[in-house]
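J.: Sequence:
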Amino acid sequence: MSVPARRPDAERNRTRIVEAARAALAESHHVHLNEIAKRAGVGQGTLYRNFPNREALLAEVYRRDVEELVTAASALLAEHEPVEALRHWLDRVIDYAEIKYGVLAVLEPAAWQDLVAHSQNPVEGALSHLLDAGKAAGSIRTDVDARGVLLLIAYLGRLDRDEWEPTARSLMNVILEGLRRQDADRRGQQTPKTS
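Just so it is clear: in the sequence shown, position 62 is 62 by our numbering, and no numbers are missing.
In case anyone wonders, no lab produced these hints; they're calculated from the structure. Treat the numbers as computed from the prediction; the structure is a model and nothing was measured. Backbone N, C-alpha and C define an ideal beta-carbon position, used for all residues, glycine too. Heads up, some of the hints might be wrong.
Unchecked claim - Pairwise CB distance ranges (calculated):
(1) A10 - S139: 43 to 49 Å
(2) P166 - V144: 23 to 29 Å
(3) L151 - E19: 27 to 33 Å
(4) N121 - A10: 28 to 34 Å
Please construct the entire structure, taking both the sequences and the accompanying hints into account.
T.: So, in structure tokens, the structure goes:
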């Protein structure tokens, strides 16, 4: 049985609701549905037709952010050299993580564990795609993998909300610099002998 397609205006309303929820989460973990409806310019009935409760709405915000993050990897590689594509992708990870922690803070543990479990493989796959492109180009170290990099990135989740903006990007730059292949690693370079 296939799901019926939504009317274009209904799809626009749904998208506006998700975007309003994302904006509200960026400001605070205390998200109220009536405030989201106002931000989206829809009535509460429209909001509840699309999302029967706050958990359903926040789960959709999370799923869309994961989908956009995963899709971005190939698009960024089409526009940039691998290291620069990775830099742009990691910037998106920071934005995504801020929303992710907002979502996880308000969902029941069982609900967020399910969301995280379903997003882990796609995100790891997108990062592997970026790292593999960098390795093939000789600009990323060959001894790193996506799982290890995601473990490093996950540690950023220990930052308090007020530390996030001033600290997360500089720490992500440290991670990126650690992923770059250094000049000393390049084959064929030797120190000239002196007589």
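J.: Do P166 and V144 keep their Cβ atoms within the hinted range of 23 to 29 Å?
T.: holds (27 Å)
J.: Could you tell me whether the CB distance from L151 to E19 stays inside 27 to 33 Å?
T.: Distance hint for L151, E19 holds at roughly 31 Å.
J.: Could you see if the CB distance from A10 to S139 stays within 43 to 49 Å?
T.: For A10 and S139 the Cβ distance comes to about 45 Å; the hint holds.
J.: Return holds or violated for the Cβ distance of N121 and A10 against the range 28 to 34 Å.
T.: Holds: the Cβ-Cβ distance is about 31 Å, inside 28 to 34 Å.
Violation of the numbered hints given earlier is absent; every hint is satisfied by the structure.
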